[in-house]
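Quick mapping for you: the protein sequence lines, in order, are chains A and B. Note that the numbering used here has the first sequence beginning at 1, numbered continuously upward. Note that the numbering used here has the second sequence beginning at 1, numbered continuously upward.
None of these hints come from the bench; they were simulated from the model. For glycine and all other residues, C-beta sits at the position ideal for the given N, C-alpha and C. Hints may be right or wrong, so weigh each one.
Simulated restraints, written as ranges between beta carbons of each label pair [stated by the list, open to error]:
1. A:T15 / B:S74: 22 to 30 angstroms
2. B:T106 / A:S84: 12 to 20 angstroms
3. B:E17 / A:N70: 31 to 39 angstroms
4. A:T15 / B:I113: 40 to 48 angstroms
5. A:R77 / B:E10: 29 to 37 angstroms
6. B:P9 / A:S67: 31 to 39 angstroms
7. B:N30 / A:V12: 40 to 48 angstroms
Simulated coverage check for chain B against chain A, where a stretch passes if three residues somewhere in it have a Cβ under 8 angstroms from a Cβ of chain A [what the hints assert, rightly or not]:
8. 41–48
9. 55–62
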Amino acid sequence: NAGVTQTPKFQVLKTGQSMTLQCAQDMNHNSMYWYRQDPGMGLRLIYYSASEGTTDKGEVPNGYNVSRLNKREFSLRLESAAPSQTSVYFCASSPDWGLAEETQYFGPGTRLLVL
Amino acid sequence: AQTVTQSQPEMSVQEAETVTLSCTYDTSENNYYLFWYKQPPSRQMILVIRQEAYKQQNATENRFSVNFQKAAKSFSLKISDSQLGDTAMYFCAFMKHAGNQFYFGTGTSLTVIP
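The following block holds chain A by itself, in its conformation from the complex (with noise of 0.2 angstroms):
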């Protein structure tokens, strides 16, 4: 059993480049989300999917957007990246939204670079 499943684990953009980051789960979850994390700081929220086919802002939304392709997938973009996007981006699951006593599953992380 996976859990969730990032790709890639590391990436050097140039500014003004565009990337998308990819996650997956094996474990049926219906909600996902999209976190980044910047040095010396906790996990912020950009983006969560509470169920298959809605997608909602979180804390830090500008400059990214997402796709929820199916229940098992959930997709970060950078359309032009800047370097104040270089972070290490943590995609999550769980089984439903609303239910904080559910846990969150994380997946191992993206390091991103932009230069």
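With chain A's structure known, arrange chain B on it following the hints.
Okay, now just chain B, sitting in the frame of chain A:
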């Protein structure tokens, strides 16, 4: 708005000793959850322990326990019999009862010394 504060950026402890990590938070919510997550060098976020605010009894998970003081809005993590594998960043986090957005503290880097 919810805020979570971890005032100890770095801590160290001798192997087999006990260490306590501090966390305070601010919220106007009455029902919520508090969490401690561990992030080892692999960067994986691992849930250590969770506390429901309406439960007075402190949560425990093997060597990990919390001291939850609701009135003081304090949520400290005690690690007993520290092991080398406990070396990691530890994040305190808050979540409203009806919701899934975490509010994380800035973390405490714990080093267990052999």
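Right, here's what the structure says about each hint:
Range check, T15 of chain A to S74 of chain B: about 43 angstroms between beta-carbon atoms, so the 22 to 30 angstroms window is missed. For T106 of chain B and S84 of chain A, the Cβ-Cβ distance of about 18 angstroms falls inside the hinted range of 12 to 20 angstroms, so the restraint holds. In this structure the hint that E17 of chain B and N70 of chain A lie 31 to 39 angstroms apart at CB is violated, the actual value being about 49 angstroms. Range check, T15 of chain A to I113 of chain B: about 42 angstroms between beta-carbon atoms, so the 40 to 48 angstroms window is met.
For the pair R77 of chain A and E10 of chain B, the supplied restraint of 29 to 37 angstroms holds, since their beta-carbon distance comes to about 36 angstroms. The given range of 31 to 39 angstroms is respected by P9 of chain B and S67 of chain A, whose C-beta atoms sit roughly 37 angstroms from each other. The given range of 40 to 48 angstroms is respected by N30 of chain B and V12 of chain A, whose C-beta atoms sit roughly 46 angstroms from each other. For the segment 41–48 of chain B, the stated coverage by chain A is satisfied: 6 residues place a CB nearer than 8 angstroms to a CB of that chain, which reaches the threshold of 3.
Counting residues of the segment 55–62 of chain B whose C-beta sits closer than 8 angstroms to any C-beta of chain A gives 0, which falls short of three, so the coverage hint is violated.
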